[in-house]
Structure formats: structure tokens, C-alpha cells
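Enquirer: Chain residues, written in single-letter form:
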Amino acid sequence: MELAPPDPAILARRTEIVAGLKALVPDGVVSDRSGLAAFDGDALTARRQAALVCVLPRTKEQVAAVLKFASDNAVPIVPRGAGTSLSGGALPRADGILLGLSRMNRILEIDFENRCVVAEPGVTNLAITRAVEGRGFYYAPDPSSQIACTIGGNVAENSGGLHCLKYGLTTNNLLGVEFVTIDGNFVRLGGKGGSAGGFDLLGIVAGSEGLLGIVTEATVRILPKPPVTRTLLAAFQSVPDAGQCVADIIAGGIVPAAMEFMDRRCIEAVEAYSAPGYPRGAEGVLLIDADGIQAEVDDAIARMAAIARNCGAEVREATDEAERTRLWAGRKAAFPAMGRLAPDMLCMDGTIPRRMLPFVLARMAEMSEQYQLGFCNVFHAGDGNLHPLIIFDVMKPGELERAEGFGADILKLCVEVGGVLTGEHGVGVEKRDLMPIMFSDSDLAQQQRLKCAFDGAGLLNPGKVFPTLSACVEQGHMHVKSGRMPFANLPRF
Amino acid sequence: MADISVRSEAEVVDAVCEARERRRTLEIVGAGTKRAFGRPTHCDDILDVSGLRGIVTYEPEELLLTVLPGTPVTEINELLAANGQRLGFDPGDWGPLLGARANSGTIGGAISADVCGSAAVRYGRARDQLLGYRAVNGFGEAYKAGGKVVKNVTGFDLPKLMCGAMGTLGVLTEVTLRVFPKPSLSRVFSARAEPREGLALLRKIWSSPLEATGLGYADGTALIRLEGEELPLSEKAALLRTIGGELVEIADGDRRFHEIADGTGFSSMSCDVWLLTLPPANAADVVRDLSPPLWCADQAGGTLWIGTDQPMHEIAARFGGRARLLRASEARRANVSVFPPEEPARAALTRAVKAAFDPLGVFNPGRMAEGL
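These protein sequences, in sequence, are chains C and H.
Using the working numbering, the letters of the first sequence map in sequence onto residues 1 to 493.
Using the working numbering, the letters of the second sequence map in sequence onto residues 1001 to 1372.
If you are wondering where the hints come from, they were derived from the structure by calculation, not from laboratory data.
Do not take every clue at face value.
Claimed, not checked - Partner residues are not named here, just some residues of chain C that face chain H (Cβ under 10 Å, in silico):
hint, residue
1, Ser195
2, Asp200
3, Ile204
4, Val255
5, Gly292
6, Asp349
7, Gly419
8, Glu424
9, Thr468
To be verified - The calculated DMTMM-like cross-link candidates involving lysine to aspartate or glutamate, where the alpha carbons are at most 20 Å apart (straight line), are:
hint, chain 1, residue 1, chain 2, residue 2
10, C, Lys60, H, Glu1061
11, C, Lys412, C, Asp393
12, H, Lys1144, C, Asp433
13, C, Lys166, H, Glu1229
14, H, Lys1144, C, Asp320
15, H, Lys1144, C, Asp441
16, H, Lys1204, C, Asp111
17, H, Lys1204, C, Glu133
18, C, Lys225, C, Asp320
19, H, Lys1182, C, Asp298
What the hints assert, rightly or not - To spell it out: a stretch of chain C is covered by chain H in this simulated footprint if at least three of its residues, at any positions, have a beta carbon under 8 Å from a beta carbon of chain H; those stretches are:
hint, stretch
20, 58–69
21, 148–160
22, 182–189
23, 243–254
24, 350–364
25, 372–380
Ideal Cβ positions, reconstructed from N, Cα and C, are used throughout, including at glycine.
Isolated chain C, as found in the complex (with noise of 0.2 Å):
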């Protein structure tokens, strides 16, 4: 994957640029090389770029303002919340304005009556449920860096987590956005009531990764907390058996809150870690949530140990809240424990049909040889969402280049099977390239004459997600001024 390169006339412009963000946001333009350093990257850690300069405006305001000095002056802009994107999301441009929102970060209304939030976008996600559990809330949407995450890269990147089977992604609990057309123009779409009525722009919002505006608050859905969580070990000595039992407990009606596999490599690795206490010489592992109230909970923990016995499973209970937090903490510590076994990681997102997963476990055994790399699987069973780890050492010539052969190849496979490229973590600059493997080129073009209505001039995030931007007019943008589509001297709608 290579990134285009900079455009020379906006470097040449630079100092007239950081003077005019200055103007905008006195205290908030990064501009020397190494505060730039600090906003090199995101958690796509094998690939950084310095911003041309970064901006960190405090108000609303300042946002639309800056937006529509990119917009006035032809500068790209790439948003950024944490920086925590698995997937190059907010990989800076060196001609373009890194817009870093960490510093919107109040918490606007917290409305129980309603069962919502409202947050500015760079509240973590973590935030959310410490402002609302002391009244026994939570928010469900649970990335792994929760901790660190915003919310608002949790709408741009329409985040899941551990628990999406049973309580869905980011787009399934965000009610309404305020947002910010790159002319700098105020959108509310959805809020308190949801965004029924018209078309559903806030779902497209959702998921676009910075490609379409920018997001200035956000209202998301709290869940009141399951009282009762019970959690299952359920060891097995073949993956397809594991897979088996996935297929059973959902066909056997029950959502469990969440379902991990782990597999023998992950084990190891975790145990040598953590020690957690997961079984070793299992060929996976399965490790199971039920929640909601306690006879609910005890009725589907006793239905699901059954059936993954029936598979050959051994199982056994967390005993206690400590051992339940031991055994989840070594599921959440995979990606530092494979981190151990060599510098760099690659770690992909495939969703699969689960059916398919001994299929795909065996090709990705095969490619691993081929390959020479090193990898685990840590996988969302209950959705099908994989997560290999690839293990490689960027200083080694060829590395980076065979780690992301063979995790390109992971994905064409994930395909293959009816599945798609990423399950949680986008496309970014990461899976840019692979996404003509899953999207015909019809496929593709809807969706760029989607960025066209948002974004004309192609300013919002370039280079990510689509392999090459088509030039809006090609798309056929601008027919617009047809006999039969009176566009202009519209009423209101």
C-alpha cells in the first residue's frame, strides 16, 4: 500500500496555513517537528506520516472555522480523536491539517429520563459509563482501548467491542449527531428521539470514517446494567468442535452477552503472560458471558455448558468475581502478550459466516508456512468477527511487506467465504487497497458519489478508504440540472 504524495503547492503554503489556523485557534496550532512528532500516527503503529500542522480547537466554533479554512483554501484535513485506529484512520497527511478533537472533551447532559448522553467528541468512551454507573447505567459499545478512546472516533469508525452480538456497534446506540459540513455548516441529525423521518444521514454518518464531516457532539444510548453476569471456560481439543458449539448455542436461541475464542498459540502466549488460568494444551478456547437477571442468566449458563459438552468440551464455571475478571483480563491482554513474542504486530479484522471458521483457521495454519510468520486468533465468536495477530519485526528487510501479504491474503480469504474486510476497526489506509475485492466497481462508485454529496472537493480524510477517488463530476455528481430533477429554488424539506 503506498500513500500518494504530498501536493508541493500546499507545502509551499505552509506558514500562510499555520498562520491562519493560529488566527482560528490561538492557542491550539501544533506547527514545530516535534509536538508534530507526538500525532505521527495512530495504533497503526507500522505506518507514520508528520501532519503538515495540527489544530486543537476547544469549541464547536473553532471546528466549523477551521473546516472552512481548509474548505476556502484547498487544504485536506484528516480528524483526530485518540489516535487509537487499528486501521490508519487518522494517519496524518504531510499536505494536510490534522484535526485533533481531544480537547472537546465535556460531557454536555446526562438525561436518565432519556437514556442518553450527550458528549462532545473527544469524551472517551470509557467516560460515558463512569458518569452514568453510579445510577447503575452503563454504555455497551466496548472497543478494547475504551480506556483511551473518543467517542467521537467511535462514531467515525462505528466501533464494537466484546459485546456487539447481543447489544450491537456504535451505530446501534448512537442516537444524534451534531455535525460539520466541510463548508463549516452546523448539521443536527437524529437526537433525544432518534433519526426517524427523512433519510437516515446519521447512519450514514456512522462508519465513515472522517470521509463525510465532522462530528461536534454526539448522543448515545445508555443500558441500564445487567445485575447478574456469569462467565463459562469451555476448553476443546479441536477447533472445529469449538466452532460446532458456537453454531449450537446460537441455534439453541441464546445470545450470550459475549462469546471469545482463543487458540492454542493465544493460550500459550496469554499464559506465559498473564497466567490467567486458561487450560493449556486446549486447541481453543471459548469463553462465554451471560447476563440480565439472575434466573435468565442461570437458565442460559446451564443450556450453554450442556451444549459445549455435547461438543467435547471440558467446562468450567468462574468461581468468583475474581477468577470472572482473571479469565477476561487474559482475553483483553492477547494483543500485549503476542506483543511479546516479537516487535511489531499486524492485526487484522475479518468477519467471517461461522461456519466457515475451521475452514478459515486451517488456510490461515498453511499461509502462516508460506509466509514465514508468526500469528494467533482471538476471535468475536458470536458475530463471526476474527482478529489474527500477525508477528513480525519491521527492522527486518521484507517483514512489513510479507506481514502485510499475508494479512491481505487472511482478508481476500474472509471474502472468499461470504464474509467482509472489517468487522470493528474500518478500512482506513490499512484495507484501502483490498477493498475492490469485496466491491465491484458499481459497488464502489455508489459509495463515492456518497462522499461526492458530502465532500465535492475531496478535502475530508483523503487517501483512506477508497483505493482511488474518482473525481466527483465523473461520478456523475453533477448531472444535476435536469428537466426532471428541479434541484434548484427547492422549497424546504
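Following the hints, complete the assembly by docking chain H onto the known chain C.
Expert: Below, chain H alone, put in the same frame as chain C:
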């Protein structure tokens, strides 16, 4: 006016290309049960998509259903029920209310008109469950969007946009929905209460871990539906009593919820019918301000059905919500905004989005607003 029946995506492509060439507009019609919803559209031809009918794949253990959009909702409901599953958005049947046949509406129509029912309080609307689709756009191109897995963030989430777009963005030719397990037992409880108290009770339950699959209010009665297997359901019922006090269990509860979602009570009335989506805690204030002759609530007050001849956009906006004119005479729908009016910045986006999918305005022109 020609009536063009299509039986495949290729035939849809042909029909759209021909319409483009001849500069003719198409009204997309499935079972035709919702033709009286939306601004009147005076199209040159009818594109009858009811022949795009049938189950493509149903994989209960993947919680996935792929169907052709002309498939009747009742057929889907029967198939899912036979496998212990359900459509989460639980679409009501607007046919009789809109002067059309009962039990004949299609899944494509339910998605396009953003119809939902009582269980949506737990599972969400069509937008939360349409995972992927195939369609033909106004360029005459067949394309796909979204995916056929429950978790996917690859590219723009175009399926959201198709929900509630009233067929103005394209002709759906295949839809993939996430479905949900349906517990084997269901019990409905009711309490006579003044609107404010009744709605407050519903919200209290909505904020509890009971995961109710119906929280409605009609005819001075709050209705609560709980579901589960035998033991868990008894515990839920006991918990409900600690929250809501003495409640009466009723035998015909599912019918009562259907009547709310179908707008049955409004069928015999001559006034306009509005559908408001609101922050639930504001529903009681809206009802107090209006004192409408007939109204009912669903989704703990998040949805309000109101029989009134007054336009509702302003009051809905004042209370943080949005209104749709669901039933009115053709003349009225031509003169009163059916969908919420939009301020200039949003209206510009709406027009640009329409142009991105259908620049010549082939599909259902004017159905959502003049010029759209």
C-alpha cells in the same frame, strides 16, 4: 401509464435504463399497501416489484435471512417463527389503515417506509437490522452494499440510508437482515393509569433489566410484554411486580400490541394520523398539549400515534422529536409536509444524496418532498 412487472434484477436494470433513456419516471410498487403514505407522486409508469419474491438463504444459526424484497412480511414471520426466531423491528401492518389489504405488505415496503412495531423497543428499527442489500440505482446500475454477516464496517453504511427512503434512492432487489431468537413464552401485563403515570411506568420498566419486548399505552392502559423461558419468565414477572405494583395479566396481549403497531384504532376515524418519534420522557407533555381525540404510544413513549388534523412538525420539533404524516387525503399530503421540513444545510445534503443515487429523479419523484 405502463405497468412494468419485473422478476429479476436484470429486468429491473432494463426497466430503469429504458426509463432513463425515455425520461420517464417510475413509481416502485410492491404489494401497494403503502401507496397512500408519502407525498402523492405522479409517475409516468409503475414498476411492479412484487414478482421479486422468495427466500434466498435463511441460516438460523448465523441469525441471517436474505430475501427478495417483494416477499410478504407474513411469509417471513411464519418462516422465522417455525425456527424460533423473529424480525427484530417487528413491522406492523399498515395496510388496513391506509385503505389497502391486510397481511400483504412486503419486506421491501416495510424497510423503505421505516415501519416498526412493539418489539423494536428491545431490538431496534429496520435500520439496525438491514445488514446488506442489492439494488439498482438511478444510473441503471445494479450494485450491492453492506455485507452478509452480522458485524461489518467495510465502506459506507448505505443500508441505513435505504431504510425510510421511500424508494427514492433506488429499487431494492435483495435484502439481508439480522434476525433474533424468540423466546418460547410471552406474557403481557396491563395497568390502568392516567397518561403521565402510565408512560412513566413504561419508562421505569424500560430503564430496568427486564428487557421488555413491548411497552405500549392505549385506551388508558399501559401494556408490558415480557418474554423468556419458563423459569426466567416467572422471575421477570415477579420483578415486574416489584417495579410496577399490582398489574393484571391479560390473555390477548399480543393482539393489543398488534393493534398499536397497525394503527387499528385509527382506521374508523376520519382525521389525519401522525406518527411521532420522541425522546420518551416528552411523550406525556405532547399529549397534554394536544389532547388529541385518539392517540396511543409504543416503545415506552418513543413512538406516539396521534389522530389530529393539525400539522405536527412544529410540536414534535419543540419536544425534540420528528413527525411523519402517516395517513391523510391525497390533497392534504400534497399540501402539508409529510416528512419533517429540513433547515437549509441539511436540505442541501438531502438533495445531494438523492442526486448521488438518482440524479435524473427516476424513482418516486416528490414522494418525500417536492423535488425529491
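Enquirer: Which of the numbered hints are not met once you compare them with the structure shown?
Expert: The structure conflicts with hints 9, 10, 11, 14, 20 and 25, although it agrees with all the remaining ones.
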